[in-house]
Each structure stands twice: as structure tokens, then as C-alpha cells.
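Each residue of the sequence shown is one higher than the one before, starting from 0 at the first, in numbering that gives the first Met the number 0.
To be clear, the hints were calculated from the coordinates, so they are not data collected in a lab.
Be a bit skeptical, because a hint or two may be false.
With a Cα cut of at most 20 Å, we get these calculated SDA-like pairs of lysine to any residue [claimed, not checked]: (1) K9 to G53; (2) K67 to T38; (3) K9 to V58; (4) K9 to E51; (5) K67 to T41; (6) K9 to A32; (7) K9 to K67; (8) K9 to S63; (9) K67 to A29; (10) K67 to R33; (11) K67 to A32; (12) K1 to H11; (13) K2 to T19; (14) K9 to L37.
Taking CB as the label site, the calculated pair distances span [unchecked claim]: (15) V75 to M0: 17 to 27 Å; (16) T40 to T4: 18 to 28 Å; (17) K1 to E52: 25 to 35 Å; (18) Q10 to Q56: 38 to 48 Å; (19) I64 to K1: 20 to 30 Å; (20) T8 to E62: 15 to 25 Å; (21) T35 to Q56: 17 to 27 Å.
Just so you know, these numbers come straight off a predicted model, no measurement behind them.
No residue lacks a Cβ here, since even glycine has one placed at the ideal position from N, Cα and C.
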Amino acid sequence: MKKATHQQTKQHNRDLVLRTIFANESISRAEVARVTNLTRTTVSDVVNGLLEEGLVQEVGRGESIGGKTPILISVVADARYLIGL
0 MKKATHQQTK QHNRDLVLRT IFANESISRA EVARVTNLTR TTVSDVVNGL
50 LEEGLVQEVG RGESIGGKTP ILISVVADAR YLIGL
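The task is simple: from the sequences and hints, build the whole structure.
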């Protein structure tokens with residue numbers, strides 16, 4: 000079995016983060032990190048790229064149990080569509 004290249008790993012992480020955000024109405028970066036088992040740094044880097052591409056948006060703040068109030072993100076409803084046949 001071949002090892003994944005750096006570019007393949009980045010693409011996999013991007014897809015994983017985007018699917019996780021899509022599966023939730025809104026979700027914080029920290030929760031995405033918990034669900035995907037990716038580091039918070041990796042999730043933040045991926046989300047920043049998705050924000051720049053216009054695929055996700057920040058939609059408000061979540062509740063905080065203590066510490067920093069999380070910023071919630073969601074998929075932009077009319078960003079792009081893909082139909083699989």
C-alpha cells in the first residue's frame with residue numbers, strides 16, 4: 000500500500016471537514032476537531048481556506064461552558080452544487 004502524499008492528505012482533511020460541517024446545521028471548529036479527530040490547528044487552517052473559497056460562513060456564536068465563546072460555521076447554502084449520477 001502506498002503512503003498518501005502531502006497534497007492527498009490535505010485534500011482528505013478538507014473533504015472530511017467539509018462533510019462534517021455539511022452534516023450539521025452549524026458547528027464550531029472545536030467540535031469539528033473532536034468529531035474528525037483532527038487537530039484544532041488543522042481544522043482552523045482548513046476552515047479558513049473554505050471561508051476564502053466561499054463554501055462556508057460564520058453564522059454566529061455558540062454557547063460557552065467556560066472559556067472563549069465558539070464561533071459557529073455552516074455551509075453556504077448556494078455556494079456550489081454537485082450532482083452525482
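Going through the hints against the structure:
Only pairs whose Cα atoms come within 20 Å are accepted, and K9 paired with G53 is accepted, the gap being roughly 18 Å. Distance hint between K67 and T38 is fulfilled; the C-alpha atoms sit about 18 Å from each other, no more than 20 Å. Restraint check for K9 and V58: not satisfied, since their Cα atoms lie roughly 25 Å apart, outside the 20 Å limit. A hinted pair counts as satisfied when its Cα atoms are at most 20 Å apart, and K9 with E51 qualifies at roughly 16 Å.
Distance check on the hinted pair: K67 and T41 sit about 19 Å apart at the alpha-carbon level, within 20 Å; holds. Annotation: proposed proximity of K9 to A32 holds, straight-line Cα distance about 15 Å (limit 20 Å). For the hint pairing K9 with K67, the CA-to-CA distance comes to about 27 Å; that exceeds 20 Å, so the pair is violated. Taking the CA atoms of K9 and S63, the gap is near 30 Å; set against the 20 Å cutoff, the hint is violated.
As the CA atoms of K67 and A29 are separated by approximately 11 Å, the hinted pair is consistent with the 20 Å bound. At most 20 Å may separate the alpha-carbon atoms for a hinted pair to count; K67 and R33 meet this at roughly 16 Å. Simply put, K67 and A32 have alpha-carbon atoms about 16 Å apart, close enough for the 20 Å limit, and the pair holds. Among the hinted pairs, K1 with H11 is consistent with the structure: their alpha-carbon atoms are about 15 Å apart, no more than 20 Å.
A hinted pair counts as satisfied when its Cα atoms are at most 20 Å apart, and K2 with T19 does not qualify at roughly 24 Å. Under the criterion of a C-alpha separation no larger than 20 Å, the hint pairing K9 with L37 is consistent with the structure, at around 11 Å. Between V75 and M0 the beta carbons are some 36 Å apart, a value that contradicts the proposed interval 17 to 27 Å. Checking the proposed 18 to 28 Å range against T40 and T4 shows it holds: the Cβ atoms sit about 20 Å from each other.
The hinted window of 25 to 35 Å between K1 and E52 holds, with their beta carbons roughly 28 Å apart. Checking the proposed 38 to 48 Å range against Q10 and Q56 shows it is violated: the Cβ atoms sit about 22 Å from each other. The given range of 20 to 30 Å is broken by I64 and K1, whose C-beta atoms sit roughly 43 Å from each other. For T8 paired with E62, a C-beta distance near 33 Å fails the hint of 15 to 25 Å.
Taking the beta carbon of each, T35 and Q56 are about 19 Å apart, inside 17 to 27 Å as hinted.
When held up to the earlier numbered hints, the structure conflicts with 3, 7, 8, 13, 15, 18, 19, 20 and fits the remainder.
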